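2 protein chains.
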Amino acid sequence: MNYISSLRCIECRTEYQAAPGVYTCPSCGPLQGILDVVYDYQKIKEDYNVQTLEASPDHSMFRYLPFLPVNPESPRPHLRIGWTPLYRPSGLARAFGFNNLYIKDDGQNPTASLKDRASAIAAIRAVEEGMTTIACSSTGNAASSLAGNAAAMGLTTFIFVPGRAPQGKIAQLLIFGANVISVQGSYNDAFRLSAEAIERWGWYNRNAAINPYLIEGKKTVSMEIAEQLHWKVPDWVAVSVGDGCTIAGVWKGFTDLYRVGWIDKLPKLLGVQSSGCSPLVDSFLENRPWRPTGENTIADSIAVGVPRNPEKALRAVRESEGTMVAVSDQDILDAMRLLGRTSGIFGEPAGVAGLAGLRYLAGNGVIGSDETIVAIVTGNGLKDVHNAIAAAGEPIRIGPSMQLLVKELSWRGLD
Amino acid sequence: MNYISSLRCIECRTEYQAAPGVYTCPSCGPLQGILDVVYDYQKIKEDYNVQTLEASPDHSMFRYLPFLPVNPESPRPHLRIGWTPLYRPSGLARAFGFNNLYIKDDGQNPTASLKDRASAIAAIRAVEEGMTTIACSSTGNAASSLAGNAAAMGLTTFIFVPGRAPQGKIAQLLIFGANVISVQGSYNDAFRLSAEAIERWGWYNRNAAINPYLIEGKKTVSMEIAEQLHWKVPDWVAVSVGDGCTIAGVWKGFTDLYRVGWIDKLPKLLGVQSSGCSPLVDSFLENRPWRPTGENTIADSIAVGVPRNPEKALRAVRESEGTMVAVSDQDILDAMRLLGRTSGIFGEPAGVAGLAGLRYLAGNGVIGSDETIVAIVTGNGLKDVHNAIAAAGEPIRIGPSMQLLVKELSWRGLD
Chain A
1 MNYISSLRCI
11 ECRTEYQAAP
21 GVYTCPSCGP
31 LQGILDVVYD
41 YQKIKEDYNV
51 QTLEASPDHS
61 MFRYLPFLPV
71 NPESPRPHLR
81 IGWTPLYRPS
91 GLARAFGFNN
101 LYIKDDGQNP
111 TASLKDRASA
121 IAAIRAVEEG
131 MTTIACSSTG
141 NAASSLAGNA
151 AAMGLTTFIF
161 VPGRAPQGKI
171 AQLLIFGANV
181 ISVQGSYNDA
191 FRLSAEAIER
201 WGWYNRNAAI
211 NPYLIEGKKT
221 VSMEIAEQLH
231 WKVPDWVAVS
241 VGDGCTIAGV
251 WKGFTDLYRV
261 GWIDKLPKLL
271 GVQSSGCSPL
281 VDSFLENRPW
291 RPTGENTIAD
301 SIAVGVPRNP
311 EKALRAVRES
321 EGTMVAVSDQ
331 DILDAMRLLG
341 RTSGIFGEPA
351 GVAGLAGLRY
361 LAGNGVIGSD
371 ETIVAIVTGN
381 GLKDVHNAIA
391 AAGEPIRIGP
401 SMQLLVKELS
411 WRGLD
Chain B
1 MNYISSLRCI
11 ECRTEYQAAP
21 GVYTCPSCGP
31 LQGILDVVYD
41 YQKIKEDYNV
51 QTLEASPDHS
61 MFRYLPFLPV
71 NPESPRPHLR
81 IGWTPLYRPS
91 GLARAFGFNN
101 LYIKDDGQNP
111 TASLKDRASA
121 IAAIRAVEEG
131 MTTIACSSTG
141 NAASSLAGNA
151 AAMGLTTFIF
161 VPGRAPQGKI
171 AQLLIFGANV
181 ISVQGSYNDA
191 FRLSAEAIER
201 WGWYNRNAAI
211 NPYLIEGKKT
221 VSMEIAEQLH
231 WKVPDWVAVS
241 VGDGCTIAGV
251 WKGFTDLYRV
261 GWIDKLPKLL
271 GVQSSGCSPL
281 VDSFLENRPW
291 RPTGENTIAD
301 SIAVGVPRNP
311 EKALRAVRES
321 EGTMVAVSDQ
331 DILDAMRLLG
341 RTSGIFGEPA
351 GVAGLAGLRY
361 LAGNGVIGSD
371 ETIVAIVTGN
381 GLKDVHNAIA
391 AAGEPIRIGP
401 SMQLLVKELS
411 WRGLD
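Protein sequences appear in the order of chains A and B.
For the first sequence, the working numbering gives the first residue as 1, with consecutive numbering after it.
For the second sequence, the working numbering gives the first residue as 1, with consecutive numbering after it.
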């Protein structure tokens, strides 16, 4: 059995017993009454410690099994999810003026985004609850990761994507055999239609805000960061923000470890949105309730004008004593190029927004140059080649002749 | 120091001392006189054994450091290269009728292909030899991996790609800051122009056939397969063939392990090309010297009409008592779709050609249904989204209305 003790409403704090179908607080409703998974931390401390964990031969997110909302004996996708590399690229650190800058490259997950951590949990829980079909709406990565993980477990998927989702993500969905519904409208339209369809056909619901278990998968990224830094918690963790579930998951990972005493401090969170779609940043900086906005950014994974988990996200940033910033699409493309050139890491636009936010803050005193900082790259740039080429320009095209090459390189000052 | 004892010409068997600039046999010339790296296997056996290796905390290709042509103290790219997952997807095994079928997913490398293993060696050796600029010609993956690994080490790159290279690979190159020369011609044109340019400007040469050290990086894929199968060597290893360097590297990995006695048998190799570009398969099956062919296949990474390492490749297959087959582009796209749907693994066309070859042989008696088989997926499908969509079809496009959805799913028999 797992170590879950209850599900607690983040609004009214009522605790519920975990059971199939219990997703949101009945009193507060599906929009406000998001549930938090609470574990029996005392029991975990009795059964596990840092040494048992470090000795684990499982180099995937499942090394943190006692902190996951699944039964240890349940079937899992065979894919290697999590335990992504934590890099310390010196060229990037110099470019930013931060001396202790790390990159957690979650684009190295099986379907090339952090969302695999949540989708694996969805697929396992669906099987635990006897379901054979899973559905979700997504700007792309949640969808492709669900399709991949479900395929690995022999499940059927229905995926609702907004019309603008990039081709790379659509290609993944189709290859993984998903039934893909491309909704000609906004993310909010896709979300609403998926909710109605899930209700009608009784599919398992992978929508991350509604399903409280998915954040539990995402939190493993923080557990890995803590372990990879030998339990020395960084001063700051920077991550992009769309629906709000990922940053809430990042926070949950650190707070779970803090509760069992494996770490002795918590990081500050830097939540970053695009200035073309920044409902949560605006709410945070202006200290007012969030309001829906347009979705005018190239960073499709965080183009969420109506975030589905706003409260968990805002609370996470406030509790951490962190901050939020909005950056322009140009800042995002610059960060993409800088990361690639200095470090050989290729992030998608939404994947590097956290890094762009760090660069925006560099030198203004909010973050000290000697503080330890981790920027999570949430997805691989191959998912969105169109924007990568927009960021990085075009190749030198010439005929197969040495004479032409000499002339061209000389003209460009490259010889 | 490393454990290299000599470089031996595969043609005339003369041994040379390894030194900077010694790449091919001076007597046999750069086309025939490809060199093989020979190690002091006795010394390796004295210093290492299976137990010391298995205890290594290094989960990357560098756990096989004694078998690599680099000095242990040399700087390396910070990227996590190798130690890619070996999966055993049961759905795929059922679809193929092979009971012990494994997938080695080398698309999980940092730049999403097996070529990272070779490019890391190139970048390290360039620095060891005091060079700051590396160049290569490539159908795409060698290039993007070189650009990424060089960026991680602060080196400059010049990359020659044929005009047809897919956008995903071009995007990677540009993001990694490479100087990209798109040669409007065939792979052979790009190769020739790069060779002349390397000669003229004195850049470090990463062309895999010419540079004998690169295969040494590639061979780690086999070492990992052996270790991941607990030193029980598979009966067959299937892999796609272009230039011939990868299959030669696969063979070198197993033979090196055999020489130190860590494995007690060798696998049969299945080398697969596309029927639109199969100079080596034709040579093998018709038992005659290879002849240049056209390059008419969607599998761009193996569209090599004039392979640069034909002899090493053909010898590897013959020595292993394996075989070669050519498959159609349709077979390749089918394999891509089948792998995705059953396993949640997304390979690029050239990446799944080995698998397509296995499927082609399934049931004809060449490979027994209980034999242990590993198919190496050499690159991730996100590198070539265009062909993935060709393989997998289009999404269902509808407006944001439940009524439309009900009608559409009912019409398709999906409700």
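Rather than coming from a laboratory, the hints here were simulated on the basis of the structure.
It cannot be assumed that every hint is accurate.
Away from chain A, derived, C-beta distances all over 10 Å, residues of chain B [as the list claims (entries may be wrong)]:
(1) Y16
(2) A18
(3) C28
(4) R341
(5) D415
With the Cβ distance kept under 10 Å, some of the chain B side facing chain A (calculated, not the full set) [to be verified]:
(6) I175
(7) F176
(8) S401
Fair warning: this is a prediction, and the values are worked out from it, not measured in the lab.
Just so it is clear, CB atoms sit at the ideal spot from N, CA and C, and this is done for glycine as well.
For each hint, the structure was consulted:
{"no.": "1", "hint": "Y16", "in the structure": "29 Å, holds"}
{"no.": "2", "hint": "A18", "in the structure": "27 Å, holds"}
{"no.": "3", "hint": "C28", "in the structure": "25 Å, holds"}
{"no.": "4", "hint": "R341", "in the structure": "4 Å, violated"}
{"no.": "5", "hint": "D415", "in the structure": "7 Å, violated"}
{"no.": "6", "hint": "I175", "in the structure": "4 Å, holds"}
{"no.": "7", "hint": "F176", "in the structure": "5 Å, holds"}
{"no.": "8", "hint": "S401", "in the structure": "8 Å, holds"}
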